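Protein chains: 2
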Amino acid sequence: MIIDRLIAKIKETQNPTVVGLDPRLSYIPDFIKKAAFEEFGKTPQGAAEAFFQYNKEIIDAVYDIIPSVKPQIAMYEQYGAAGMECFIKTCAYAKEKGLVVIGDIKRGDIATTAEAYSNGHIGKPDIDGEKNQIYQQDFITVNPYLGWDSIEPYIRDCKEYEKGLFVLVKTSNPNSGQLQDLDVGGMTLYEKVGDLTEQWGQALMGENGYSSIGAVVGATHPAQAKALRVRMPHTFFLVPGYGAQGGTAEDLAVCFDAQGLGAIVNSSRGIIAAHQNEKYKNMFAEKDFAQAARQAVIHMRDDLNRVRR
Amino acid sequence: MIIDRLIAKIKETQNPTVVGLDPRLSYIPDFIKKAAFEEFGKTPQGAAEAFFQYNKEIIDAVYDIIPSVKPQIAMYEQYGAAGMECFIKTCAYAKEKGLVVIGDIKRGDIATTAEAYSNGHIGKPDIDGEKNQIYQQDFITVNPYLGWDSIEPYIRDCKEYEKGLFVLVKTSNPNSGQLQDLDVGGMTLYEKVGDLTEQWGQALMGENGYSSIGAVVGATHPAQAKALRVRMPHTFFLVPGYGAQGGTAEDLAVCFDAQGLGAIVNSSRGIIAAHQNEKYKNMFAEKDFAQAARQAVIHMRDDLNRVRR
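As given, the protein sequences belong to chains D and C, one line each in that order. Numbered according to the working numbering, the first sequence spans residues 5 to 313. Numbered according to the working numbering, the second sequence spans residues 5 to 313.
Hints may be right or wrong, so weigh each one.
Pairs of lysine-lysine residues, derived as DSS-like cross-links and limited to a Cα-Cα distance of at most 30 Å, are as follows [said to hold, decoys possible]:
id, chain 1, residue 1, chain 2, residue 2
1, C, K128, D, K60
2, C, K46, D, K101
3, D, K291, C, K135
4, D, K46, C, K163
5, C, K128, D, K93
6, C, K38, D, K46
7, C, K163, D, K135
8, C, K93, C, K46
9, D, K93, C, K101
10, D, K128, C, K163
Just so you know, these hints were derived from the structure itself, not from any lab. Computed from a predicted structure; not experimentally measured.
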């Protein structure tokens, strides 16, 4: 089960930190952009090449001290086919380095369409009798608004290909409560989705008490996360919102279980753009941006380990 | 306003039919697949080439009698970068033919990520000072689960680039009610999302009483659609579920207003795979699959016009 591999990696690195590979051109050092634009012009290909070189250096600098990376597909998809190629190459490179790859794709559609998403992202598309491995993700994130039949196709592929999901339960953004916090009869909508996720997860239980069907639970809502941890004992949490979005280690401590497991915590900008942060800017030259990222990972790891037990 | 252009096209063609360009290899005639696989192998490139040739013939055969096409991105995305290139080429070709292009992408994410999706799909990504037009969609579909700050970035780009949205309100799939029909205090969740969509739409009102912010409302739920039509008087409906999914013209008649406007109705398989349907199979040779699609459009148009005033 992929959830057991994730847990083993967290124990091995003593680190529940996920590095969000969400590149933006504004984060990338000029020398990388210059080389990419000289080769491909100020085009989607140029942007994608800059992203890949940047991601590669960061992965090289941190892969031995983290369990997982989470590329956000939107950052790549905005540059069309060239961007998608970079997304796939980034995932493949991270996998080569032994990392668990979480594709943050937040897809959600009716069953026949979900089958296509699932087939591509976590399955193996059959092209006239030949199976093609196209994407390279271990987990993907999915949106629950369409209900069970929109989730079920992914679960089938998770079983067949040893993959996992993180279902959006309570997101980290300021307006997440507009729908998610509505009372749906004695509980909130996100609690209802949490209950369903816990139930769906029974189909993919691993050896460590957790399912390969996890949940996205934002670090920006500590009281709600605490209640969800109790409510969803077999569901691993992917926790966004640490750092740049305002969540602290203290806020998200409630997401861990008594063994210090049960959650991984994502940081994107705080790590991959550490070289632009006041805290690290004077310690690292621009060309050493990946070492700044490594330092930021170490600080985040220590910060999280302070509160998890 | 893009909604006014859509309405003008509906009036001009006297047809509220949207052709869902959701190709599958199983729909595509052997002669097209053979040529594509000979050139590119049984690879994602081969599949994408077959999709494009198939889509192109269908667009050529129907563009003069329909207002709009709706490519479902999942069908393309499953084939990676080559698939995405085909999605973009398909949208561009449909636009060249004067069609309104609705990208069925159902994206939904936190604000900074929504900005990236919006930038790519309906904006113009700035690459080191140069604006690139990458995707070619007029409208896109979006998922509301994350609330207002996840929608707002798209609305900004809709204003700047004359684009539109269709927000998922009540979807056509069998389990859509699992969350969408929950009572959130005197109304259902989908009614709440409907009210929000109507309200968000005030920012983009066109000249015909409708906003460029529309709603997805499934044809498979007639009573609910009827109530939504009253509840959302300025919101245009994109209605999936006709035909293969079980919705009839009678079911969705309630989606039209007194002028016979207010809705467009999608059919995918029923049109693009008409040549495989019992009804048309004996009338058209395989090579004339696009003429079968045209005939299916004419039947659908007449069927819809029977029920709309």
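Hinted pair, alpha-carbon criterion (30 Å max): K163 (chain C), K135 (chain D). Please report holds or violated. Roughly 43 Å between the alpha carbons, so the hint for K163 (chain C) and K135 (chain D) is violated.
Run the distance test for K38 (chain C) versus K46 (chain D): straight-line Cα separation, threshold 30 Å. violated, 37 Å
With the threshold set at 30 Å, check whether the alpha-carbon distance from K291 (chain D) to K135 (chain C) stays at or below it. At roughly 27 Å apart (the allowed maximum being 30 Å), K135 (chain C) and K291 (chain D) satisfy the hint.
Given the hint that K46 (chain D) pairs with K163 (chain C), does the C-alpha gap stay at or below 30 Å? Between K46 (chain D) and K163 (chain C) the Cα gap is close to 26 Å, so the pair holds against 30 Å.
Given the hint that K46 (chain C) pairs with K101 (chain D), does the C-alpha gap stay at or below 30 Å? Distance ~29 Å between K46 (chain C) and K101 (chain D) Cα, so the pair holds.
Does K60 (chain D) lie within 30 Å of K128 (chain C) when you go C-alpha to C-alpha? Holds. K128 (chain C) to K60 (chain D) sits at ~26 Å (cutoff 30 Å).
Would you mind confirming whether the straight-line C-alpha gap from K93 (chain C) to K46 (chain C) stays at or under 30 Å? holds, 20 Å
Measure nothing beyond the straight line between the CA atoms of K93 (chain D) and K101 (chain C); if it is 30 Å or shorter, mark the hint as holding. violated, 35 Å
Going straight from one Cα to the other, do K128 (chain C) and K93 (chain D) come out at no more than 30 Å? holds, 24 Å
Do the alpha carbons of K128 (chain D) and K163 (chain C) lie within 30 Å of each other, as the hint requires? violated, 40 Å
Hint check: violations occur at hints 6, 7, 9 and 10; the rest are consistent with the structure.
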